[in-house]
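**Q** These are the residues of each chain, in order.
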Amino acid sequence: MQPITLIEGIVAPLDRANVDTDAIIPKQFLKSIKRSGFGPNLFDEWRYLDHGEPGQDCSARPLKPDFVLNQPRYRGAQILLTRDNFGCGSSREHAPWALADYGFRVLIGPSYADIFFNNCFKNGLLPIVLPAAQVDELFRACEATEGYRLVVDLPVQVIRRPDGAEIGFEVDAFRKECLVNGWDDIGLTLRHADEIRAFEARRRAEHPYYFA
Amino acid sequence: MAPQTLYEKLWSSHVVRQQPDGTALIYIDRHLVHEVTSPQAFEGLKLAGRQPWRVGSIVATADHNTPTDHWDEGIKDPISRQQVETLDANIREFGALSYFPFRDDRQGIVHVIGPEHGATLPGMTVVCGDSHTSTHGAFACLAHGIGTSEVEHVLATQCLLQKKSKTMLIRVDGMLGRGVTAKDMVLAIIGRIGTAGGTGYAIEFGGSAVRALSMEGRMTVCNMAIEAGARAGLVAVDDTTLDYLKGRPFAPSGEMWEQAVAYWRTLHSDEGAQFDQVVTLDASQIEPQVTWGTSPEMVTGVGGRVPDPAAEPDPVRRSGIERALQYMGLAPNTPIGEIPVDQVFIGSCTNSRIEDLREAATVVRGRSKAASVRRVLVVPGSGLVKRQAEAEGLHKIFVAAGFEWREPGCSMCLAMNADRLEAGEHCASTSNRNFEGRQGAGGRTHLVSPAMAAAAAVTGRFTDVRELI
Ligand code: SF4
Chain E
1 MQPITLIEGI VAPLDRANVD TDAIIPKQFL KSIKRSGFGP NLFDEWRYLD HGEPGQDCSA
61 RPLKPDFVLN QPRYRGAQIL LTRDNFGCGS SREHAPWALA DYGFRVLIGP SYADIFFNNC
121 FKNGLLPIVL PAAQVDELFR ACEATEGYRL VVDLPVQVIR RPDGAEIGFE VDAFRKECLV
181 NGWDDIGLTL RHADEIRAFE ARRRAEHPYY FA
Chain F
1 MAPQTLYEKL WSSHVVRQQP DGTALIYIDR HLVHEVTSPQ AFEGLKLAGR QPWRVGSIVA
61 TADHNTPTDH WDEGIKDPIS RQQVETLDAN IREFGALSYF PFRDDRQGIV HVIGPEHGAT
121 LPGMTVVCGD SHTSTHGAFA CLAHGIGTSE VEHVLATQCL LQKKSKTMLI RVDGMLGRGV
181 TAKDMVLAII GRIGTAGGTG YAIEFGGSAV RALSMEGRMT VCNMAIEAGA RAGLVAVDDT
241 TLDYLKGRPF APSGEMWEQA VAYWRTLHSD EGAQFDQVVT LDASQIEPQV TWGTSPEMVT
301 GVGGRVPDPA AEPDPVRRSG IERALQYMGL APNTPIGEIP VDQVFIGSCT NSRIEDLREA
361 ATVVRGRSKA ASVRRVLVVP GSGLVKRQAE AEGLHKIFVA AGFEWREPGC SMCLAMNADR
421 LEAGEHCAST SNRNFEGRQG AGGRTHLVSP AMAAAAAVTG RFTDVRELI
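Those protein sequence lines, which keep their order, are chains E and F.
Position 155, counted from 1, in the first sequence is what my numbering calls 155; the numbers after and before it change by one each time, with no gaps.
Position 173, counted from 1, in the second sequence is what my numbering calls 173; the numbers after and before it change by one each time, with no gaps.
In short, the hints are calculated from the structure, not lab data.
Among the clues, some could well be false.
A few chain E residues that face chain F, going by a derived Cβ cut-off under 10 Å, partial list only [stated by the list, open to error]: (1) M1; (2) S36; (3) E93; (4) W97; (5) K122; (6) D184; (7) H192; (8) A193; (9) E195; (10) F199; (11) E200; (12) E206; (13) P208; (14) F211; (15) A212.
To spell it out: a stretch of chain F is covered by chain E in this simulated footprint if at least three of its residues, at any positions, have a beta carbon under 8 Å from a beta carbon of chain E; those stretches are [as the list claims (entries may be wrong)]: (16) 41-47; (17) 74-85; (18) 156-162; (19) 257-265.
The structure presented is a predicted model; accordingly, all values stated were derived computationally and were not measured.
For glycine and all other residues, C-beta sits at the position ideal for the given N, C-alpha and C.
Just chain E, same shape as in the assembly:
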């Protein structure tokens, strides 16, 4: 997993509540054998005028000009502002896969659906929870200023606004450690690689027939 320490990037405001995972990545894309490559189909139904199917070349598809991610000023955004209950519905891990593949590293919103929230941490996405009033304030600032950027400093748990003002946020200590270091379950297990190797060597000596 790519570590998250300091993210400085363009902010895109998705001003809707209860965005479900089927909106984030529609079901026809679950037939894929991959967990990457979902970025072009992120928010597929909101983003394109036509119906998307897996395996299609999305670069030639007609865009819905009003959709926030289609506006040039938000191109290359790494931080997504969201509203209440983002990521509700089906538990598909394809939703965080699609957000991360598109290029998002941080979500900022008042609340997230539980399973989605957990899935984000497993896939190198930081979902930040802020009080609704502060989220409102960020939506206003972001819409008022073209090229609005924020700095998210995970080690010190602070969001820095362009004027230098800071907003603190909470994050579970263990999850933070995993994100900052880029650890997933596998990364954590591999911290014990020496123990695994020693166990394996003993086993190979005692039971060589399992290693034929």
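Chain E is fixed; fit chain F with the ligand onto it per the hints.
**A** Positioned in the frame of chain E, the structure of chain F with the ligand alone reads:
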């Protein structure tokens, strides 16, 4: 040392390290891989720039999506084809101890080929991204089904994060009657303890009736441990186990065999070992079984009747029965013997081994498919099973009876390929799950033994096979 259960011996011999909360890192000896649950795991590995820890632990095959006829035409469904080709590419890139791709003459259902090549050995830990991995426990190995993220975890670390299970002993004593098989035994067990009865447990099957089973029969029983809610089923090592393994390609030989056998002989629960729960059954009381509902626990003897929900005092169970009967299109109190059969499926990792085919052929010999039965599929579990059956002439018996003799694979067990039921059709199936839509949308599955499936095929309804042999 205090007496230990077989499960405790297998568990403690694989713990690499243990966390204070009881979660342990368990070393994995054998990793079985198939096309459906592996692509995202390999992809994850590549994205993270990791290599498989020990490719020598991997045995792979394509089975779920592969067609069972016209192999020369390849796989027509593009999405199925892509999954199979992705497995080909991943194995090409990373390697494996052994790969049996689509159209290889040793290809087959992952849970059939592991044991048949001696890739499943006593004392191992075996994992696969498939819940019926419990099958391999018949060889006194600790075998679990795992999810895709765990497949990746095992590829990358050769370990699995696990908490220890509770232990249950299911002891079946006495002798199974004529025409009553391992499948009937395990269906009767599930009927007794329910589909959640084994949740949180590793189940060891013991008693004289289990000891008397062949390896094929023990695999059938352990295969359905998962249908009783247990992630792992186990049978202790004995001469039957060793006789089966001797001479198989990946089994040790010569001095190494002797060394292995000395250890394997210790793989049983010690005298006086304590289980968290013990259930006992009398084998002589078990009738040929038929499921009537949409869960494997909805089962009764062939002489029984479909239950009447009105007689069920518990409201949750009552509505469960009502829903199942509605889906199955069955009236309360219908005698099992009056349910007509539209299709018959003999196959799946539960019952597609040579002994299963012999059992079915014994019933079919000299008879033919009832006119009312639309189709009978016989799908051997692997290319080796198929060749063995053909060497014994079993296929001729099936074909002469009007059955279809197919290429190996999962086939109509889960209907991911073209083999499936039409809505409303009743199927006598030797597979393991009778869930709604499992064998095709609207299809109605009745789980039975191979002998009972054959009996239904020739009479057109569920028939007590003991009347035919
Ligand atoms: S035969 Fe059926 S249960 Fe067995 S592995 Fe294949 S799909 Fe799963």
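**Q** Look at each hint and say if it fits the structure.
**A** Against the structure, the hints:
no.: 1; hint: M1; in the structure: holds, 7 Å
no.: 2; hint: S36; in the structure: holds, 6 Å
no.: 3; hint: E93; in the structure: holds, 8 Å
no.: 4; hint: W97; in the structure: holds, 9 Å
no.: 5; hint: K122; in the structure: holds, 8 Å
no.: 6; hint: D184; in the structure: holds, 8 Å
no.: 7; hint: H192; in the structure: holds, 6 Å
no.: 8; hint: A193; in the structure: holds, 8 Å
no.: 9; hint: E195; in the structure: holds, 5 Å
no.: 10; hint: F199; in the structure: holds, 5 Å
no.: 11; hint: E200; in the structure: holds, 7 Å
no.: 12; hint: E206; in the structure: holds, 8 Å
no.: 13; hint: P208; in the structure: holds, 7 Å
no.: 14; hint: F211; in the structure: holds, 7 Å
no.: 15; hint: A212; in the structure: holds, 6 Å
no.: 16; hint: 41-47; in the structure: holds (count 3)
no.: 17; hint: 74-85; in the structure: holds (count 3)
no.: 18; hint: 156-162; in the structure: holds (count 5)
no.: 19; hint: 257-265; in the structure: holds (count 4)
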